[in-house]
Every structure is written in C-alpha cells, then in structure tokens.
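**Q** Okay, here's what each chain looks like letter by letter:
There are 2 protein chains.
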Amino acid sequence: MLNFTFKNQTEILFGKGQISQVSSRLPSDARVLFLYGGGSIKKNGIYDQVLTTLKDAEIFEFAGVEPNPSYETLMKAVEVVRNNDVNFILAVGGGSVIDGAKFIAAAKDFAGDPWDILIKGASFENPLPIGAVLTLPATGSESNGNSVVTKKETAQKRGFSSETVQPVFAVLDPEYTFSLPARQVSNGAVDAFVHVIEQYLTYPVNAPLQDRFAEGIMQTLITEGPKALENPEDYDVRANVMWSATMALNGLIGKGVPQDWGTHMIGHELTALYSLDHAQTLAIVLPALMKVQAESKKEKILQLGERVFGVTGIDETIQAVVRFFEDMGVETKMSDYDLNGDSTDVAIDKLIASLENNGMTALGEHGDIDPAKARTILELAA
Amino acid sequence: MLNFTFKNQTEILFGKGQISQVSSRLPSDARVLFLYGGGSIKKNGIYDQVLTTLKDAEIFEFAGVEPNPSYETLMKAVEVVRNNDVNFILAVGGGSVIDGAKFIAAAKDFAGDPWDILIKGASFENPLPIGAVLTLPATGSESNGNSVVTKKETAQKRGFSSETVQPVFAVLDPEYTFSLPARQVSNGAVDAFVHVIEQYLTYPVNAPLQDRFAEGIMQTLITEGPKALENPEDYDVRANVMWSATMALNGLIGKGVPQDWGTHMIGHELTALYSLDHAQTLAIVLPALMKVQAESKKEKILQLGERVFGVTGIDETIQAVVRFFEDMGVETKMSDYDLNGDSTDVAIDKLIASLENNGMTALGEHGDIDPAKARTILELAA
Numbered sequence: 001m002l003n004f005t006f007k008n009q010t011e012i013l014f015g016k017g018q019i020s021q022v023s024s025r026l027p028s029d030a031r032v033l034f035l036y037g038g039g040s041i042k043k044n045g046i047y048d049q050v051l052t053t054l055k056d057a058e059i060f061e062f063a064g065v066e067p068n069p070s071y072e073t074l075m076k077a078v079e080v081v082r083n084n085d086v087n088f089i090l091a092v093g094g095g096s097v098i099d100g101a102k103f104i105a106a107a108k109d110f111a112g113d114p115w116d117i118l119i120k121g122a123s124f125e126n127p128l129p130i131g132a133v134l135t136l137p138a139t140g141s142e143s144n145g146n147s148v149v150t151k152k153e154t155a156q157k158r159g160f161s162s163e164t165v166q167p168v169f170a171v172l173d174p175e176y177t178f179s180l181p182a183r184q185v186s187n188g189a190v191d192a193f194v195h196v197i198e199q200y201l202t203y204p205v206n207a208p209l210q211d212r213f214a215e216g217i218m219q220t221l222i223t224e225g226p227k228a229l230e231n232p233e234d235y236d237v238r239a240n241v242m243w244s245a246t247m248a249l250n251g252l253i254g255k256g257v258p259q260d261w262g263t264h265m266i267g268h269e270l271t272a273l274y275s276l277d278h279a280q281t282l283a284i285v286l287p288a289l290m291k292v293q294a295e296s297k298k299e300k301i302l303q304l305g306e307r308v309f310g311v312t313g314i315d316e317t318i319q320a321v322v323r324f325f326e327d328m329g330v331e332t333k334m335s336d337y338d339l340n341g342d343s344t345d346v347a348i349d350k351l352i353a354s355l356e357n358n359g360m361t362a363l364g365e366h367g368d369i370d371p372a373k374a375r376t377i378l379e380l381a382a
Numbered sequence: 001m002l003n004f005t006f007k008n009q010t011e012i013l014f015g016k017g018q019i020s021q022v023s024s025r026l027p028s029d030a031r032v033l034f035l036y037g038g039g040s041i042k043k044n045g046i047y048d049q050v051l052t053t054l055k056d057a058e059i060f061e062f063a064g065v066e067p068n069p070s071y072e073t074l075m076k077a078v079e080v081v082r083n084n085d086v087n088f089i090l091a092v093g094g095g096s097v098i099d100g101a102k103f104i105a106a107a108k109d110f111a112g113d114p115w116d117i118l119i120k121g122a123s124f125e126n127p128l129p130i131g132a133v134l135t136l137p138a139t140g141s142e143s144n145g146n147s148v149v150t151k152k153e154t155a156q157k158r159g160f161s162s163e164t165v166q167p168v169f170a171v172l173d174p175e176y177t178f179s180l181p182a183r184q185v186s187n188g189a190v191d192a193f194v195h196v197i198e199q200y201l202t203y204p205v206n207a208p209l210q211d212r213f214a215e216g217i218m219q220t221l222i223t224e225g226p227k228a229l230e231n232p233e234d235y236d237v238r239a240n241v242m243w244s245a246t247m248a249l250n251g252l253i254g255k256g257v258p259q260d261w262g263t264h265m266i267g268h269e270l271t272a273l274y275s276l277d278h279a280q281t282l283a284i285v286l287p288a289l290m291k292v293q294a295e296s297k298k299e300k301i302l303q304l305g306e307r308v309f310g311v312t313g314i315d316e317t318i319q320a321v322v323r324f325f326e327d328m329g330v331e332t333k334m335s336d337y338d339l340n341g342d343s344t345d346v347a348i349d350k351l352i353a354s355l356e357n358n359g360m361t362a363l364g365e366h367g368d369i370d371p372a373k374a375r376t377i378l379e380l381a382a
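These protein sequences, in sequence, are chains A and B. If you're matching positions, the first sequence starts at 1 in the working numbering and goes up one per residue. If you're matching positions, the second sequence starts at 1 in the working numbering and goes up one per residue.
If you are wondering where the hints come from, they were derived from the structure by calculation, not from laboratory data. Among the hints, a few may not be true.
Copies of the same chain look alike in the list, so a pair counts if it fits in one copy or across any two.
Once the Cα atoms are required to be at most 25 Å apart in a straight line, the calculated PhoX-like pairs of lysine-lysine come out as [to be verified]: (1) K373 / K350; (2) K108 / K227; (3) K16 / K255; (4) K108 / K152; (5) K108 / K76; (6) K227 / K255; (7) K7 / K291; (8) K255 / K7; (9) K120 / K108; (10) K120 / K43.
With the rest of the complex left out, here is chain A:
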C-alpha cells in the first residue's frame, strides 16, 4: 500500500426530506448565491423547497449554469457575488453546477483573470463556503474538491482541485432524482463506474481493502443502474445509485493505490471539441484504453472480470464493461455520435493536437500514454 493522507470534510445529509436541515447549516446573516442550471428544478419542486429552507437568508439567484460549465457563464456569477457581498454559495444541481460553484468560490477574491487558476494552477484565497443539493448522482463533486470548467472561446476543458472549495455539506435526497431524464441517469452511472475504474484498474500494490471497496461500488452500479432506468421512482434503487456515485469519487477508494485518469483526460478533449456528454466520452475511450493497456493492467483486468462481472479473461472483461455501458444506453464508439460532421480520422487528428496543446502527453498510471498511444486508443475507439 502507498502512503496517503485522507480527510473528507463534507457533511452528507442523506435521504428524503434532508433539505430541511440546510437552513441550520448556513452562516448567520447569510447572503446566498443560489446557483442552478437549466431550470428543471422549477418543474420538480426542488426550487420551492430550496426557497423554503433559505427563507431567512438574502438570496441572489443565478440560473443557467450549463452542462460542462463555461468560464464565460461562471464569470457572470462571479460578478453577482462580488457586487452583493455574497457569503455562501448553494449549488443546486449535478456536477456541472457544483463544479461551477467551486470556480466561483475560488474566483471571488482573485486579483487577475481567474482562468489562471485552471490553466496555471494559480493559488487563490478566501474561497466562499459552498453547500450542495445534488440532483444528479454522477461526478462526486458534492463531496470532493474537484472542479472542471470549459472555456468556450478556446475550446479548453481544464480542472483544478482544492479541499478549500469542497462543499461543507451535501444534501443527497434520492427523490430528487426521480424525474431525471433517462440520458442523465445513464450518464451518471457510467461516469461513476469509470471514476472507480480510474482508481482501481492499474496494477496491484497489495491493497485488498481498496480493491473490495471499488469492486463493491461497481457491483452496486451494475446491479442498480439498469433498475433506475426501468423503475425511475424506486427509492432504494435511486438511493443506492446516489450513494455509490458519491463514494466513487470522494477520495476514499483512491487512497494508497495508483490512479490512471487517462480515460478522463482523453475524454475531456472529445467534450471540448465535439460537446459530447462527459459519460459518452468515457464509454468511448475506456474499452479501447483497456485493450491498448491490457498487458500492464492484466492482473487488475482479470480481477475485475472475475470479481465484478463473473467472467474469465481479458477480452471477456472488456466485453462485459462494454455490455454494461450499452445496458445503460450509452454507445461506445466515436462513430455512434455526431462529430460536427468530422470523419473519425479528422476527429482523431484534432483530438491528438488538442492533447498535445494541453500538455496531455504522458497519461496513465505509468505516464506511458503518449500521443502515439493515445492515437492507437482513439483508432480502436473509432
């Protein structure tokens, strides 16, 4: 096992009705940026419940944070925060809204262009505290310090990570996910599954407990994910998917073990260039990456197959992963998607150029996914 430090400061408020606890967690004299996305929370009643719990606070609403939140939109929210002495951000939505809140929190007192936080790793001070009300289980953003933001102007998708912007609390009410569109349910389960894979599918370091936890999350997602599509209002199924997605990326299972994240880095370019859903890009890249990295990942691929899917062999395991993605309704080839009219050959050239431009030239747990290997992966994923 590798050395590690681990702490997770987020208070999880899990279960139906937990929104009522939010008011007691706000600062006194709360001036709250109420941040959300496209407005679905107005249709399913969450919006009204949030207003009720914020009734003693000064509220500044900011709607319209898009999937893959953009620097351009978030900077408008930064202005609202700066102009109104906001002292708390309540992010109501999925990973995009919560990731966006982290950027806003960090940007508030930043002297220069806050994009430097993402592009140069610039440090920041006095971030605002954030609370999260999760409506889409997927990214784990509700209890980690990670944020990914896209600059539309330059088609760059970049991330930063700091425990100082990790939510202080997160409301996880499974009922809030009943009305999600099927596509988001599918994406969420695939996203969470690949988060586990990135921290599991590397090489053995004699860390059996981390392996068991990772396998337990994947087993749960594989069993419960399809049920969430079939019976959208099954509370326990939704609860199990929700808790699995949080545990998949709250830092725990990756402690003491190597991590990969190559699939994510290559996938980010697919989203930045062609606006594919994040989970779609992962479903495209992962099976191909597993094939190309089969030799160095051999032991863990075989363990994944045997323990999680009940199959034997590397090819059989990769096929089982593909089947899970397809069961969740997420296609696994670039040619299954609209690439703005580009052929897959053209797309691959552009993707490799983007990886190189963004310095993503030594990916994976061994740093051995250079642009040539990334090209092989993308060709297999075409």
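With the hints as your guide, set chain B onto chain A.
**A** Same frame as chain A, now just chain B:
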C-alpha cells in the same frame, strides 16, 4: 436505505514515516499532554519519534493509561491538564489511550464529577483537540468520537460519544505495529471484525453498497489477520489490517442501516466483572448471540456465509466465525477463561444482574434481547 448524516473530520496520515507530519498539525504555542500506556513505546522507538516531532512544544507526559482505561487514572491526567493550561492532547497507543484522551478532553472544563458524562450523558464544553498516533489497530477510536471508560470502584464500563472529541488527525504507521504482542494482534483483528458484524448482521434494508463495504472489510481481516500473526514484519499485511480496523468503525459502514451492538454490551459486562480482554468477550458472546438470534438475522447470516466465508447455511456460517476467532488464537467459550474462580453459572447470574443494573435490558437491532434472552446467550457461550 435509512436516512443518515455522515461526516468524518479526522485527517488520516497513513504510512511509514507519517509521524513527521504531526508537528505541522499542532496549535501554535502548543502545550501538549503526551498520553500513553504501559511504556512499550519506549522499547520500540515510537516514544523518541514523538519527542522529535513535539520538539517545539511544551510537553506534559502522562503514562500509565491501562487497557480498559479507568476513570480513576484518567482523572489524574485531568489534573495535569488543568494545572498546566494544556491546549492539545497527543494520544499515543491503542483504543484505550485514545478513548482515555477523549474523556480527559471532555472532562477538562466540566464543573461537576466528569463521570456524569458517561453515566448521565451530561453535556460538556470546550473539549481539548486530540491527535492520535495509533499503535494497535482494533477499536477505530482514532477516527471516531467514541470513548469507553471503566470505573474501577463500581466495576462499571460505560461509554460516551461526541464528534467534538474525535481526533483532528490520526497517524497510522503500519511499522508501529510490528512489535505488538501476538495477543494484541489477535484481539485487534477480532475486535474490528465484530465492529463490522454489529453494523452488518441485522436485517436487510436494501443497502447493497454498505453490505459490500462491510463484507470487504471482513474478507480483508480474515485473509490478512492470520498473516499478521505469522509474519509480524510484513508491512503490507500490517497496513491492510490497520486500514481495515479504522474503516470498521469510522462511522461509514453503519450509515443508512440498522445496527445491533448487543454483543458489545454483553461483552462489556464480562470485562467489567472479570477483566477479560475486550476482544475475548466479543469472541465469547457473538457466536452464541448469532445462534439465539438466528431467525431474525437469517438473511444476513446466510449472506455473510456465502459472500465472506464461502459456506452455505446458518450453522456453517456460525462455525466459520468461530474458526476465524480460533485461527486468530482467541477462545470462544467462557469456560476457556479464568473467571476469578467463579463457575460459569455463578458468572452468568452476576452478568445478568450487571446488565439489569446498567439498564441494558433491551439490546440488539430490535431491542428484543432482554435479560432472559441474554441469559440464554450466555448459557450457550458458557
């Protein structure tokens, strides 16, 4: 799944050499109570490493916290704290020392007799912050708010729990466990295993991820525990046992599911009356409790057998649990131990009287372990 709130504030510093991080986690102008037990840390070098990391602090040593820490001893430490304006407690040892530190932290500013914190659930203010350096993986005390203290005068073993006394950091260095006596290694693995059982072996509430995590910890303890006895200086084995014991009782696996704790409550009386090791009492009580509660625990017992031990049937599962305890060198019958010369019949009468005196008359996840049922359990465990 049941509703829950979950937060764990302890920063885990895991791995060899992590003691060096302690100095950076102390308050400025640190006045540290350096609390430890019988002095084994002076033989294995931990004592010197602690002094090195505390070199900029004012240190007040307090040695002699015994296994099952006593109110009488701890009150002497409270005096040291009060007389020297101590502002931090560094607890170096196993669960007894860390549990003791929590009582000291809570008692410091308590106006009346601090035993009321345990016996009456009295509230307390301004507890001192605690750091833990773990030398014995077993209780999970290093990252929870639980404390169990024994009053020798009245042979009462009682607990309290508050997140305000949970350690702010915990050093988990597997090398610190190389020199542990075999008996403590055995006890630790059994203790951690039963912690998991108390949160797992109840009735199903459709919480598959919690089940998988619990099973993963038990699988790891069963595989690694005996190896720790065979090869005491195998770093990875020690690391895996240590991390399993912490995860067994840091709050996570018990969230959203029913909990039992009947084995612990009955076991506490065996320790209070006959000074048996905590783990010994658990190994005695659990198999008998499983037999008596077999009907209401049926589904989870069968699941435990199949998933963790690879056996089918209730009796076979109970036997597998007994075998694990025996493999770890811990005997499972009252008659295997010295009960101060009492026959098991006499002992059972005294134990039942103690349970009644302490109000432990409705134990277990259904509250159905009354004194009559506790007697049946103890008779089976005789």
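**Q** Could you run down the list of hints and mark each one as holding or not?
**A** Against the structure, the hints:
1. Taking the shortest Cα distances, K373 and K350 sit within 25 Å of each other inside one copy (15 Å), while across copies they are farther apart (72 Å).
2. Taking the shortest alpha-carbon separations for K108 and K227, neither the intra-copy value of 42 Å nor the inter-copy value of 53 Å comes in at or below 25 Å.
3. Within a single copy, K16 and K255 get their C-alpha atoms only as close as 30 Å, which misses the 25 Å cut-off; across copies the closest is 15 Å, which meets it.
4. Within a single copy, K108 and K152 get their C-alpha atoms as close as 20 Å, which meets the 25 Å cut-off; across copies the closest is 57 Å, which misses it.
5. Taking the shortest alpha-carbon separations for K108 and K76, only the intra-copy value of 11 Å comes in at or below 25 Å, while the best inter-copy value is 50 Å.
6. For the homomeric pair K227 and K255, the shortest alpha-carbon distance between copies (23 Å) is at most 25 Å, but the shortest distance inside one copy (30 Å) is not.
7. Taking CA atoms no more than 25 Å apart as the test, K7 paired with K291 passes in neither setting, with 34 Å inside one copy and 39 Å between copies.
8. In this homomeric assembly, K255 and K7 come within 25 Å of each other (Cα to Cα) both inside a single copy, at 10 Å, and across copies, at 18 Å.
9. Only within a single protomer do K120 and K108 lie at most 25 Å apart by alpha-carbon distance; the minimum there is 17 Å, versus 48 Å between protomers.
10. When the C-alpha separation of K120 and K43 is checked against a cutoff of 25 Å, the pair qualifies neither within a copy, at 40 Å, nor between copies, at 49 Å.
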